[in-house]
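S.K.: Following the hints, position chain B against chain A.
So you can see what is in the structure, the chains are spelled out below.
2 protein chains.
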Amino acid sequence: MAQHHYYEKTIATEKIFDGRVIKVLVDQVELPNGAVHTREIVKHPGAVGIIAITEEGKLILVDQFRKPCECGLLEIPAGKLEKNEPPILTAGRELEEETGLRAENLELIYTFYTAPGFCDELFYMYLAKGISKVENPASADEDEFVDVIEVTIEEAEQLVVEGKIRDAKTIMAVQYMQLTKQVK
Amino acid sequence: MAQHHYYEKTIATEKIFDGRVIKVLVDQVELPNGAVHTREIVKHPGAVGIIAITEEGKLILVDQFRKPCECGLLEIPAGKLEKNEPPILTAGRELEEETGLRAENLELIYTFYTAPGFCDELFYMYLAKGISKVENPASADEDEFVDVIEVTIEEAEQLVVEGKIRDAKTIMAVQYMQLTKQVK
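Protein chains in written order, with the numbering used here: chain A, 8 to 191; chain B, 8 to 191.
Simulated from the structure, these hints should not be mistaken for laboratory data.
What you are looking at is a predicted structure, and each value in this text was computed from that prediction instead of being measured.
One or more of the hints may lead you astray.
Repeated chains share a single entry, so a pair holds when one copy, or any two copies, can fit it.
[Said to hold, decoys possible] Taking lysine to any residue pairs in the SDA-like style, the calculated list, with each CA pair at most 25 Å apart, reads:
| no. | residue 1 | residue 2 |
| --- | --- | --- |
| 1 | K16 | E151 |
| 2 | K87 | I116 |
| 3 | K65 | I138 |
| 4 | K87 | T45 |
| 5 | K87 | E77 |
| 6 | K74 | E104 |
| 7 | K16 | C78 |
With the rest of the complex left out, here is chain A:
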């Protein structure tokens, strides 16, 4: 692919933090006008989210506490990519771990950067079709505590309007349902 016309060449890079989930770099870059500027960059392994709709046409949401926000959030099931794990496998794994459900089919509907101003997190959004309960589901990560709820599309829309759904990917999922009438 051709280089972008506003490409910023890296002159120097400093590793600030190498954590369990994220890495933090500070790069010195050369701007298109020749000036040198600093970019603070969060490196993230990438993540998946799953729009899972029950036979009754209800959207599956998880209610969990999010430490960075110091609040609970209603979100579609989601999770980080493990190293070298293809995103579709992450999607199946996270759906089972968080909700005890399995999908016959997972279709990739969007791929996007969540916060490209400072972070390289690439997010894969799947639509799960043909979902059913798993008898003995794989258990969630040891640090994950979530409640699973089901809402109708009307309830989901209302939760967005009332500001009770306030997670980007989940608003996107509700809009996707509205646009495609992903109700049975």
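M.R.: Then chain B, alone, in the frame of chain A:
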């Protein structure tokens, strides 16, 4: 507001990085089952995005290089909150700086977390109404190089389908236009 039932109490917090844009903390938290776990947290000042539609019903996008992704992205006009700046003022300022446009009215349509798994960035999405060219617009940040383009709603949809729009807030904006037929 009542504490979430999976609330994680902070036992210790370590400041890893205090940058120009972001801060990074590593918190030790007590999980609901009593176990202690580490949370890596990026603190961000928050940001705004603007869905601006011309008199001809075209969506305003900016094409810019994004260092974290090492690629160019097509995005709606957006920018970080300055300290103590009300989001609606940030929205007006960023719209003018990035596009040379001004809005008669800015309506807050969504408020959401962009990446709540590791970051507290809260994003305010505005719909700009009554936009017009500013004669001598405020200039952009010294490190910002963007091209402004206008696309029809059909072109915007196609760019999403083709994976040429791959920014979360911009996909959300295109969905919003589709749902509300925000064409003149």
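S.K.: Evaluate each hint against the coordinates.
M.R.: Results of checking the hints against the structure:
1. K16 to E151: between (39 Å within a copy, 14 Å between copies)
2. K87 to I116: within (17 Å within a copy, 28 Å between copies)
3. K65 to I138: Within one copy only: 11 Å inside, 39 Å across.
4. K87 to T45: between (28 Å within a copy, 16 Å between copies)
5. K87 to E77: The answer is both: 20 Å in one copy and 21 Å across copies each meet 25 Å.
6. K74 to E104: Close inside one copy (20 Å), not across copies (34 Å); limit 25 Å.
7. K16 to C78: between (39 Å within a copy, 12 Å between copies)
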